[in-house]
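Read off the chains here:
There are 2 protein chains.
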Amino acid sequence: MASLLRPTTWGLFSWRGYCSRGTQGRLSAGFVEALKAVVGSPHVSTAAVVREQHGHDESMHRCQPPDAVVWPQDAEQVGRLAALCYGQGVPIVPFGTGTGLEGGVCAVQGGVCINLTRMDRILELNPEDFSVVVEPGVTRKALNAHLRDRGLWFPVDPGADASLCGMAATGASGTNSVRYGTMRDNVLNLEVVLPSGQRLHTAGRGRRFRKSAAGYNLTGLFVGSEGTLGLITAATLRLHPVPEATVAATCAFPTVQAAVESTVHILQAAVPVARIEFLDEVMMDACNRHSKLNCCVAPTLFLEFHGSEQALAEQVERTEEIIRHNGGSHFSWAKEAEERSRLWAARHNAWYASLALRPGCKGYSTDVCVPISRLPEILVQTKEDLEAWRLTGTIVGHVGDGNFHCILLVDPEDPEELLRVQAFAEQLGRRALALHGTCTGEHGIGLGKRQLLLEEVGAVGVETMRRLKATLDPRGLMNPGKVL
Amino acid sequence: MASLLRPTTWGLFSWRGYCSRGTQGRLSAGFVEALKAVVGSPHVSTAAVVREQHGHDESMHRCQPPDAVVWPQDAEQVGRLAALCYGQGVPIVPFGTGTGLEGGVCAVQGGVCINLTRMDRILELNPEDFSVVVEPGVTRKALNAHLRDRGLWFPVDPGADASLCGMAATGASGTNSVRYGTMRDNVLNLEVVLPSGQRLHTAGRGRRFRKSAAGYNLTGLFVGSEGTLGLITAATLRLHPVPEATVAATCAFPTVQAAVESTVHILQAAVPVARIEFLDEVMMDACNRHSKLNCCVAPTLFLEFHGSEQALAEQVERTEEIIRHNGGSHFSWAKEAEERSRLWAARHNAWYASLALRPGCKGYSTDVCVPISRLPEILVQTKEDLEAWRLTGTIVGHVGDGNFHCILLVDPEDPEELLRVQAFAEQLGRRALALHGTCTGEHGIGLGKRQLLLEEVGAVGVETMRRLKATLDPRGLMNPGKVL
Numbered sequence: 001m002a003s004l005l006r007p008t009t010w011g012l013f014s015w016r017g018y019c020s021r022g023t024q025g026r027l028s029a030g031f032v033e034a035l036k037a038v039v040g041s042p043h044v045s046t047a048a049v050v051r052e053q054h055g056h057d058e059s060m061h062r063c064q065p066p067d068a069v070v071w072p073q074d075a076e077q078v079g080r081l082a083a084l085c086y087g088q089g090v091p092i093v094p095f096g097t098g099t100g101l102e103g104g105v106c107a108v109q110g111g112v113c114i115n116l117t118r119m120d121r122i123l124e125l126n127p128e129d130f131s132v133v134v135e136p137g138v139t140r141k142a143l144n145a146h147l148r149d150r151g152l153w154f155p156v157d158p159g160a161d162a163s164l165c166g167m168a169a170t171g172a173s174g175t176n177s178v179r180y181g182t183m184r185d186n187v188l189n190l191e192v193v194l195p196s197g198q199r200l201h202t203a204g205r206g207r208r209f210r211k212s213a214a215g216y217n218l219t220g221l222f223v224g225s226e227g228t229l230g231l232i233t234a235a236t237l238r239l240h241p242v243p244e245a246t247v248a249a250t251c252a253f254p255t256v257q258a259a260v261e262s263t264v265h266i267l268q269a270a271v272p273v274a275r276i277e278f279l280d281e282v283m284m285d286a287c288n289r290h291s292k293l294n295c296c297v298a299p300t301l302f303l304e305f306h307g308s309e310q311a312l313a314e315q316v317e318r319t320e321e322i323i324r325h326n327g328g329s330h331f332s333w334a335k336e337a338e339e340r341s342r343l344w345a346a347r348h349n350a351w352y353a354s355l356a357l358r359p360g361c362k363g364y365s366t367d368v369c370v371p372i373s374r375l376p377e378i379l380v381q382t383k384e385d386l387e388a389w390r391l392t393g394t395i396v397g398h399v400g401d402g403n404f405h406c407i408l409l410v411d412p413e414d415p416e417e418l419l420r421v422q423a424f425a426e427q428l429g430r431r432a433l434a435l436h437g438t439c440t441g442e443h444g445i446g447l448g449k450r451q452l453l454l455e456e457v458g459a460v461g462v463e464t465m466r467r468l469k470a471t472l473d474p475r476g477l478m479n480p481g482k483v484l
Numbered sequence: 001m002a003s004l005l006r007p008t009t010w011g012l013f014s015w016r017g018y019c020s021r022g023t024q025g026r027l028s029a030g031f032v033e034a035l036k037a038v039v040g041s042p043h044v045s046t047a048a049v050v051r052e053q054h055g056h057d058e059s060m061h062r063c064q065p066p067d068a069v070v071w072p073q074d075a076e077q078v079g080r081l082a083a084l085c086y087g088q089g090v091p092i093v094p095f096g097t098g099t100g101l102e103g104g105v106c107a108v109q110g111g112v113c114i115n116l117t118r119m120d121r122i123l124e125l126n127p128e129d130f131s132v133v134v135e136p137g138v139t140r141k142a143l144n145a146h147l148r149d150r151g152l153w154f155p156v157d158p159g160a161d162a163s164l165c166g167m168a169a170t171g172a173s174g175t176n177s178v179r180y181g182t183m184r185d186n187v188l189n190l191e192v193v194l195p196s197g198q199r200l201h202t203a204g205r206g207r208r209f210r211k212s213a214a215g216y217n218l219t220g221l222f223v224g225s226e227g228t229l230g231l232i233t234a235a236t237l238r239l240h241p242v243p244e245a246t247v248a249a250t251c252a253f254p255t256v257q258a259a260v261e262s263t264v265h266i267l268q269a270a271v272p273v274a275r276i277e278f279l280d281e282v283m284m285d286a287c288n289r290h291s292k293l294n295c296c297v298a299p300t301l302f303l304e305f306h307g308s309e310q311a312l313a314e315q316v317e318r319t320e321e322i323i324r325h326n327g328g329s330h331f332s333w334a335k336e337a338e339e340r341s342r343l344w345a346a347r348h349n350a351w352y353a354s355l356a357l358r359p360g361c362k363g364y365s366t367d368v369c370v371p372i373s374r375l376p377e378i379l380v381q382t383k384e385d386l387e388a389w390r391l392t393g394t395i396v397g398h399v400g401d402g403n404f405h406c407i408l409l410v411d412p413e414d415p416e417e418l419l420r421v422q423a424f425a426e427q428l429g430r431r432a433l434a435l436h437g438t439c440t441g442e443h444g445i446g447l448g449k450r451q452l453l454l455e456e457v458g459a460v461g462v463e464t465m466r467r468l469k470a471t472l473d474p475r476g477l478m479n480p481g482k483v484l
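The listed protein sequences derive, respectively, from chains A and B.
Each step along the first sequence adds one to the number in UniProt numbering, with nothing skipped, and position 482 is 482.
Each step along the second sequence adds one to the number in UniProt numbering, with nothing skipped, and position 6 is 6.
Wrong hints could be hidden among the right ones.
[As the list claims (entries may be wrong)] What follows is a set of in silico ranges between Cβ atoms, one per label pair, in the way DEER data are often shown:
1. A:Q198 - B:P415: 36 to 46 Å
2. A:W333 - B:V460: 51 to 61 Å
3. A:E76 - B:V49: 42 to 52 Å
4. A:V460 - B:V460: 24 to 34 Å
5. B:A470 - A:A29: 35 to 45 Å
6. B:T255 - A:D149: 26 to 36 Å
7. A:V49 - B:L125: 56 to 66 Å
8. A:W333 - B:E320: 45 to 55 Å
9. B:G360 - A:A245: 49 to 59 Å
10. A:A337 - B:K141: 22 to 32 Å
11. B:Q451 - A:A37: 37 to 47 Å
12. B:E413 - A:G87: 58 to 68 Å
FYI, nobody ran anything at the bench for these hints, they're computed from the structure.
Because the structure is a prediction, the values reported are computed rather than measured.
By construction, the Cβ of each residue, glycine as well, lies at the ideal position given by its N, Cα and C atoms.
Looking at chain A on its own, in the form it has when it is part of the complex:
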């Protein structure tokens, strides 16, 4: 059965088109009835089309549908579902918005997909304490819309309108993290349903303090665990005051090195930059075409500053000085909301701009992160590798964190090109490891990077993770096949 389920695995990833067949009916009718008894008949589906919708995320990993999909309404139902599945040895796969990029929702062993999007309440908002409690169906944009008139916002922004609990599960970050941190820094507490069905509050029920030294950091353990230790059914998040004013800018550089050195100098000068994003000339060209910009086709930084009017003026002045000193030019400052939105929409549409370079192709994004001083080296290597492997790819990155993505364009009908993409991505992962970096800054390990994880944290590291996993999920049924 296992080999039937993986007819076309390509190591790092496998192509979505090859949906597995024949897993339907692996769950007994009695078991499906038991699921219905928990959530109600209309909230369970075993229809092929529904299962296939839930068998993949936005990555190139092959669709691997679950045997059934259920939509619980609250954490109590999630607990009963988990206990039911676990007791019967049925794999459990948590599902949010399906916007992941590492195959985290692929049901590699079938089982029950628990779609949490109908639990979409904002349970508690404490503006004075800068905290909010959300159910797993609340997305980043929905939360920020809710907060709009309260002078608060949640800044972690991976691009997609992902669910916040899904972002916690993945350890997401994105463009604002250089200033506001990642999900690891902004989750205060989690409600988790353990495989047994028991409910765990990682920092204690109802707790929403800013810091604590009370026992082991369970919150930190579940953030980034990719659904392999339990199901997140609520998250308490740290909010931030909306900045009084915002300025965005773009700026061109003669070389990658000059753009990165500017970034280091800006950080060293303690300019509290809110976003600092790098786009290589191929990416910039694609964005110009796709989003009707007319930026210089050169290595480019997109920047954003948050603060008071007066503080911004000074930040902008210092940044310009540093950038000019490093040979930057073609500044374009955007102060009005509309102009800024246009710039950042262009940045956020980098994926689609890249896809438009080779119509009919699919995209695959790498996600390495290195110490910032090693960025110029690895960026230059990456561009050489693209050429050596005869691949088309754009580069865009959260340069302030040392994290960048190479978006590769692949013809899904060309298995030989798929192999080259895989080889390129593995080589890039190993290059990052050789430079003291990580194979994934924010997308997670999922299905495709398990070998790289071993190389990254070593045998003792992976063995320690395995022991933790076995402790919390002794039957290995929580999102099996992911991470480890």
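Use these hints to put chain B onto chain A, whose structure you have.
Structure of chain B alone, referenced to chain A:
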């Protein structure tokens, strides 16, 4: 034997004076020889005076000496020591500067104390990447002295000149955390010797990236584990640029409420305050006397701002406006280094200033942390409780984080007063829990707060922690009796 070792345990803590006797000689001569074979004869001691020096920290917990003290020179020796002790069923207690406040180094089951202070090298400094690797003997002040001319610093400042790896083990924070975060936010990687003697690099050997989504967050699990999961033998820390300019200030308030509301408004206005510390009028009076200040005897905020000259001017202006609006007065701004040092020395000497209020008495510090909106309520309650329990205590706190300390003055010869202190501290811990807070913001659980930890995280939380502990330390020999 266990009862012999705990003749005077007072629940929350026990008084240091009652040293245990008769544990000497529990280790066979052969075992002591084996320790010497690992680290060399001069680096092992079983002398009573040395053991007693290592049997307590700065808290009121009773001295409980280990059976032997060893000083390894490197991680390889630590690994051999751990394997040796573990194999023989001998408890292992890691020891840094001994500046903890919750009895974390008390050898409640005897065993071998591993004093790590002779491993005191700064192994690697990467200024461009804002990171440094330190051995466990490197203290906070030693690191900052080393960094002085490089435009970088490590901001986490618990007051004591603690070892940085000890601070990681405790999950320390302190006065700068409102701006720069706690140890949880500033540790990038740890080298840990596991009980088996194996060496684990929590983020992978040599890795020093700013963020990652690769597997479980082992770094976060070991930060704050209080030596109960392994021995930290190196830490990779995140550094920050030294601010261009610094301004400090004090300001008096008519009420506790007014001081706390000012804090909330300052944070809501996104003023990037670097420190914001609250002192009640008793504490302020004590500081005036002890440190020759002449501040108003009233609820007071001590503030510090970091930034460019221009940014500071604006931050100061906004803060003054907010504070005046809340009824604050008696501003005193300190711009020169000497004047600032005098103010912050007074704040850091709060402990000694408190002790001077009742000569001959000892101090005990509580450490609760609540959502900031609940601070006025709990501060008022705490002052009433002090009166009700007929205790002398000062209040000082990291108000921007919701964390405060009540420093209680206790006559060590008065067991009845000790009981009242214990009852007061437990009541305060429960008050914090009732307000969605934690029993410890930064000192840790150690020996005295295990019952409060259970009430804080619940049975499932403690059971989950126990299972994690049993996985990494199946024989229960790593710093036994602490946390759980």
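Hints, verified against the model:
The hinted range of 36 to 46 Å is satisfied by A:Q198 and B:P415, whose Cβ atoms lie roughly 42 Å apart. Distance hint check for A:W333 and B:V460: the Cβ-Cβ separation is about 52 Å, which falls inside the suggested range of 51 to 61 Å. Separated by about 59 Å at the C-beta atoms, A:E76 and B:V49 break the suggested range of 42 to 52 Å. Taking the beta carbon of each, A:V460 and B:V460 are about 29 Å apart, inside 24 to 34 Å as hinted.
The beta-carbon spacing between B:A470 and A:A29, approximately 40 Å, falls within the hinted interval of 35 to 45 Å. Against the hinted window of 26 to 36 Å, the Cβ-Cβ separation of B:T255 and A:D149 comes to about 30 Å, which satisfies the hint. A hinted range of 56 to 66 Å for the beta carbons of A:V49 and B:L125 is consistent with their spacing of about 57 Å. Separation of A:W333 from B:E320 is about 31 Å and departs from the stated range, judged on CB atoms against 45 to 55 Å.
Against the hinted window of 49 to 59 Å, the Cβ-Cβ separation of B:G360 and A:A245 comes to about 57 Å, which satisfies the hint. In this structure, A:A337 and B:K141 break the distance hint of 22 to 32 Å, their C-beta atoms being roughly 47 Å apart. At roughly 40 Å, the beta-carbon separation of B:Q451 and A:A37 lies within the given 37 to 47 Å, and the hint holds. Our hint of 58 to 68 Å for B:E413 and A:G87 holds, since their Cβ atoms are close to 59 Å apart.
Against the hints set out earlier in the document, violations occur for numbers 3, 8, 10.
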